[in-house]
Amino acid sequence: MANESNETVNVTINGVAAAVPRGARIIEAAEQLGIGIAHYCYHPGLSAPAMCRMCLVEVEGAPKLAPACVTPVAEGQVINTESERARAARTGTLEFYLLNHPLDCPICDKSGECKLQDFTHAEGRPHGRSVEPKRVLGLDDFGGDILYQGNRCIMCTRCVRFMREIAGADLLGVVQRGHRSAIDTFFETGLEGSLWAGNIVDICPVGALLSKDFLHKARVWDLDNTPSVCPNCAQGCNVRLDTRDNLVVRIRPRLNPAVNSYWMCDYGRHQYEWLNQPDRVQTPMQRGAEGELVPVGWQEVLPALLARLQQRHGPLVVLGSPMLGNEDNGLLARLAGRLGGGTLRYRSAQAEAEVPCPGFPALARRRELTANGRGLELLGFQRTGTMAGEGGLTDLAGATVIVLGDALEDQPADFAAGVELLVVLGQRPTAAARSAHYLLPVCTCAEQEGTFPNVHGLVQRFWPALQPPPLARPAWQVLSVLLAGLDDGAPVNSAGGAFLRLGELYPEYAGLSYEQLGSRGALINEPVVRPAGKGA
Amino acid sequence: MAYPYRDEREVRILSAHFGDPEARTLAGWRQRGGYEALGQALALSPEQVTEIVKNSALRGRGGAGFPTGLKWSFLRNDGRPHYVLVNSDESEPGAFKDRELCRWTPHQLLEGALINAYAIRAQHVYIYMRGEFFEPAQIVARAIDEAYAAGIAGPDVLGSGVTIDVTLHLGAGAYICGEETALMNSLEGRRGQPRVKPPFPAVFGAFGQPTNINNVETLCTVPHIIRNGADWWRSIGTDKSTGTKLFNMSGHLVRRGNFEFPLGFNMKELIYDVCGGIRDGRSLKAVIPGGSSVPMLAAHELDIPCAYERVATAGSKLGTASMIVMDDRTDIVKQVRRMVEFYAHESCGQCTPCREGTAWLARIMRRIEAGQGTEADLALLVDLGKNMTGTTICVLSDSAAAPVLSSLAKFKDEYLALIGRAAPVAAAV
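Note that the protein sequences, when read in sequence, are chains A and B.
Note that the numbering used here numbers the first sequence so that position 516 is 516, with each residue one more than the last.
Note that the numbering used here numbers the second sequence so that position 106 is 106, with each residue one more than the last.
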């Protein structure tokens, strides 16, 4: 909101008297009181041009209706959003909106989350009065992931302002004027290559801007929305995973003013297919008498594995997962400590450079292209391998190796050869994973609860969006049972419990709990410097 | 070319030298008393100059009639760069006064603009001229060159040490760029779209700096006021509408053109005496008194003084005093349709009621004109007109609705005569 101090002014909105921050705009003040004011061009993350004329409200004493999105509150102001005049203006304006709108909601991706639908249902005329032919524009490919369906466009220019103010690249503009106006790109440039353009589909209040990726994939009312944290880089953008039929079909940003505002990058947005892998480890397996992998129940495999781990001779190497939460990796490190200590490593993909968002510099696509690199470093894991997240696993002869989450895609089918004992808590049965002595199915981060600390040390929670394969378990659960077998307390029965166990060994997490993290996260305590690569 | 018509009742102050090519030159203008007022103004303090303009009760000639001196006084001596904009984007259908002022008396305009700049401590004057004004642009450009060469504009105005630069900027053909904030956007190289006010130009104008924008005719009066005093100007015209005004008379009149009269001159006399009444012995049907944006007046409503306050009482506006006079053969529906199409074409497209409403009005009007209208359409026109009035950033939307609403109120029979004239369409079964 506009002012930093705690000064307030007294206003009355729809009969409700309240003190609101000085300098706030009427639409923001109303929002605070739980009074929604219809709007199209206004977006809290962008400048307000006051041109959609939907948010006109009656301010006592003013001759004309005032646009709530730009009019600041003033002491003693009496505002009415539901007066006869304000309602009539909205109904009148809505009729203008539908004049050239094709009303093709049955085939429109936005249908169900469309503001034109919402406000027309609420306050529009039951029947249009126009008998004139509608203006027809074509479908335009804006480049990148974006299509423009001009017929549906209501010319709110949010997309134009987003590209100018947030993406920092004036790639969109209004062409023509009057009722011939349309949004267009310049020359052949288009939006190809813009890392931020995907946001304009989210902020488009109607179905004018469409994602090619999501085109006709689902009706939005069939989607389940789960709050989550983008796992695709260390920024930790707050997102929603939109799922249908147990598949992620879309990732959209979720407001967090400290991390990503209303935005996220297209890299993170479009990297979701790996969460939908159909090829999964379905059941715990261990080596049979012939050396083949034999499915086995959890009740049998964990005691057997525990016994094997206690009998091992060689050194212990543990490979953590930057795509799994603190709970999983924390208990893995704890297990390593309980087994006498070992080398803690992880592999992760990294980009050449950070790409900051010009209009919201706190947001950047980070170099670290995994969600939990920072968390692993805090837990004492050391990064190994190449920028692509490959290699770095050549010195394992004679060692006992516990792999968490890493699919070992770059490794050969005889990965376990020469290794004393290979335990894989994995998701995908790659050739290397199938060479393990124990192969245990665990959940992906989209299938379980957990936390990621982002690049600034803000620990944020994510929630399960997908159903895991029936026998897959969260890794923290598997590991806590193993730890219980090593007399390290009782097994924890929730991710929150596993998180509390972090605080026992790592002061960074001491005193933090899931309740405190809430949906916006909390900063970790001052990090402690400890020798890298060693178990706790 | 000599100026076509004159009338001995005229009080020619601004237009005294219309038709006199010598007055266009610096030397000729100086012989006619030019730039004396600028010298007088420079001898005063900026505040004193503003005070004189304020005391003259001069009202802006761009159409709104806002008190000019008051507008000047909004700018504070705050150390920020100030700008003077000259609104020479005369695009209102029916208006042709600024064009003539620029054509015949470019130095008169320049002098007024320089006084304005001095009064508000601006160091730069931008003359924003309608792109189609080829000839006026050449003439004004030449006058600017002359003024620079003579030390009247530039780093040391008339040896006073004051710097005032003058730049001529041509528009690219948009009616809306005559709206002051759209003009600023256009000048800055942005889309010509009106800005939301507040902030007003006096706080956040051209290039984000305090700006004073005035119409050409307004500025042309300023040198005369400085030279002859505020009392002299107030002695002309009425109490609330002081001084003289150019009346741009067009339409079915015997004599058409610019006539300069004190405000308060009787409209009927202006039309029937000065302009010789209606051509070809026809009778008068309607008058649009202030440019196409204002409501029209019917023949029996014309016996009023042409002063801002009196025309407003009669239900219209004096606007730019650009009168379009229509005789009894005029097809009002066609005339209104033509004007609505103009506004639909010129709407910038920002605000929804205007973007969609103007085009919708035009379509309905076309249908009615083609004999395909219904009585429900007339009610719809009124309703749309109301929805388009007072709901947008600027008043283009209101202006588009005004002729529709006023013609429906005063000439509804012409609409009704067109309804159901086309062969009935077979009813859907």
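Please keep in mind that the hints were generated in silico from the structure rather than gathered at the bench.
Don't take each hint at face value.
Stated by the list, open to error - The calculated lysine-lysine pairs, modelled on DSBU-like cross-linking and capped at a C-alpha distance of 35 Å, are:
#1 B:K240 to A:K134
#2 B:K386 to B:K317
#3 B:K197 to A:K134
#4 B:K410 to B:K240
#5 A:K64 to B:K197
#6 B:K410 to A:K115
So, going through the hints one by one against the coordinates:
no., hint, result
1, B:K240 to A:K134, "48 Å, violated"
2, B:K386 to B:K317, "18 Å, holds"
3, B:K197 to A:K134, "32 Å, holds"
4, B:K410 to B:K240, "28 Å, holds"
5, A:K64 to B:K197, "13 Å, holds"
6, B:K410 to A:K115, "40 Å, violated"
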